[in-house]
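J.: Sequence:
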Amino acid sequence: MTKPNTTFELSIRDVEIIEHALRAKAGRRGLAIAQGETSPELKREMHEIQDVLGRIHQQKNYYAKFKNGQTYVSG
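Residues in the sequence shown are numbered consecutively from 46, following the numbering used here.
Since the hints were made in silico from the structure, they are not lab data. Relax, there's no trap hidden among the hints.
Calculated pairs, DSS-like style, for lysine-lysine (alpha carbon to alpha carbon, straight line, at most 30 Å):
1. K88 with K105
2. K48 with K105
3. K70 with K105
4. K88 with K70
Label pairs and their in silico Cβ distance ranges:
5. G72 with K110: 29 to 39 Å
6. T116 with V60: 12 to 22 Å
7. G75 with G114: 39 to 49 Å
8. T47 with A79: 39 to 49 Å
9. K112 with P85: 43 to 53 Å
10. L98 with T47: 26 to 36 Å
11. K48 with Q80: 34 to 44 Å
Given the structure is predicted, the values throughout are model-derived calculations rather than measurements. The C-beta atom is built at its ideal place from N, Cα and C for all residues, glycine as well.
Sequences are here, hints too, so could you generate the full structure?
T.: And the structure:
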């Protein structure tokens, strides 16, 4: 029996595309909820999307440049 791949090699751009797609889907689901859709499946899916987006956010390293040109890396 085969085992699932637990190691992925994604570029920063790949993660950005995934994050953008999830945010768009969350926006559509949020709109449906705002318009009165209350199915448990929709709420569960919205929770899953928010959870994945949260995990992506927690794993990011943010970069910035100080005025003196030195790079700051958070995380």
